[in-house]
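Quick note, the sequences are listed as chains A and B, same order. Okay, so the first sequence: first residue is -1 according to the numbering used here, each after it adds one. Okay, so the second sequence: first residue is 4 according to the numbering used here, each after it adds one.
These aren't lab readings, by the way, just hints derived from the structure by calculation. Because the structure is a prediction, the values reported are computed rather than measured. Yeah, the Cβ is synthetic: ideal placement off N, Cα and C, and Gly gets one too. Be aware that one or more of the hints could be misleading.
Facing chain B, from chain A, some residues (calculated, C-beta under 8 Å) [what the hints assert, rightly or not]:
1) 58
2) 60
3) 157
4) 159
5) 163
6) 173
7) 175
8) 177
9) 180
10) 181
11) 276
12) 290
Each chain is listed here by its residues.
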Amino acid sequence: MNMILNWLGSLPGAAAQGLVYGLAAVGIYITYKILDIADLTVDGSICTGAAVCAVMVTSGINIWIAMLCALIAGMLTGLITGWFHTFFGIPAILSGILTQLMLWSVNLLIMSGPQIPIMRFKYGDKVLFTSEASDVYRAIVILAVFIAVVIAILYWFFGTEFGSTLRATGNNLEMSRAQGINTNLTKVFGLALSNGIVALAGALLAQQQGVAEINMGRGAIVTGLAAIIIGEALCPKLITNFYLRLLCVVGGSIIYWFVFQTIVFIGLPNELLKMLSAIVVACFLGAPYVKKIYFSKKKKARGGKHA
Amino acid sequence: MLEIKDIYKTFNEGTVNEKKVFEGLSLTLKEGDFVTVIGGNGAGKSTMLNIVAGAYPADDGSITIDGVDVTRLPEHKRAKYIGRVFQDPRMGTATDMWVEENMAIADRRGMRRGLRWSITNKDRESYKEALAQLDLGLEDRLSTKMGLLSGGQRQAVTLLMATMKKPKLLLLDEHTAALDPKTAAKVLEITDKLINENNLTALMVTHNMRDAIAHGNRLIMMNAGKIIIDVSGEEKKKLTVESLLAAFSKASGAEFASDRALLS
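Use the sequences and the hints to build the structure in full.
Pasting the structure below:
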């Protein structure tokens, strides 16, 4: 009985966590779903956002300015990946890995060490919310507002002339160029936008955890993909509305963290979670292929007739 | 309108797969010329179109469109002057975007794209009108995903997209080859209509000799990277498949090597 109560008591914390990573997943959605690029910069840029925000707020700078700077820093990381990819012609996935590795050093430099705690007693009234349990509902409300604003801005942006060229780029590169779209520009911009949002999520994560540390965000891309995949599974195919799809992604992220919390309660060691999420994501990503190759009887029959 | 001057192009230079496609190809189109291009496999028809469009650069030579030297312009900047339709119906449109969204993108070819809303109600009306002209019932399907249309419908919309912002030059790369004969005929009819109405300058590659003879005001035949036959005006009107094949053998000293062209 006690255990169930404890479990229920942990859910608001998991929801807050889910919302933070949900915002990151919205950023990842831009590259993974719209631009059709698997961008590994994310694992580094989420920590960059946290680091910039923590350094600035602990040196007495206003939290809103600190978060704006985190957003800009994140956009710069995306810009670097974009340059690697478009200017030097390095494959997108490798470009992301290179930036991510660079960011490991950069993040250590920003923080002048492996971590910066945002002490409650010192900075509690300077941040939007703290890691304190009593702050959890406040955190949930603020995070929900952030997500609503970001989704509203993205909804507007992808409906504009320039925004729709990003969608076309991810959809059909040849067509986009033939229609006069500078696909290098759209890719770089999309990567910058995505990592800006991810870094903003990182800045919120630092406040929610009360610390920015170098290992933050390791595996964030997989967590984000898991959220997207769960979100797509949740979201009926009929829903084509862009902002509803993004809301589903945020919902996916919350579910992911509920499951995480449950696993922790069952007593499974925390260390296993990353492995489990990687396996789950691998299964979902692989399912369409496996279905096509191994379970498609029609195809085999047709092949036989022609042979 | 279009001047292709002394183009050289070699693929895989310095390897065993080296293929010299062009060694000094030149071709000039007058304003309003509708040129059909025919030739055997590997003659360089598609390569010529791709070099004009800027999909890949020429090793040497120059491309001038309406007096503007575009040789050094990247593909997306040349798009300002050029409308294109590809062989594969999937290539000309964005599958996951709506018909009207695709058209809105084409509507701003060569223009600055800012943060204005991409489709207004006024746009929608004009897209509807344009689609109605195709006579395929597409005017009621503005918010259908492009990927749900048939190959012929997609080619027709792609044609519309290539011409709605009047291009200086229209490039058609075997755009009916992937369609069944009936649909191909319909798409060709639309092609003729759009070219005539807008008085466009066009290059149409086709593998079908009859189509090449029936359409346009000038016909060129290519072989091994060279233009070996170039007829226009009255002389073109008298062409038949047989006379064309005979002319090909005479000019190239070989049999015409494209089963596709002979069978269809």
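Earlier hints that do not hold, by number: 1, 2, 11 and 12
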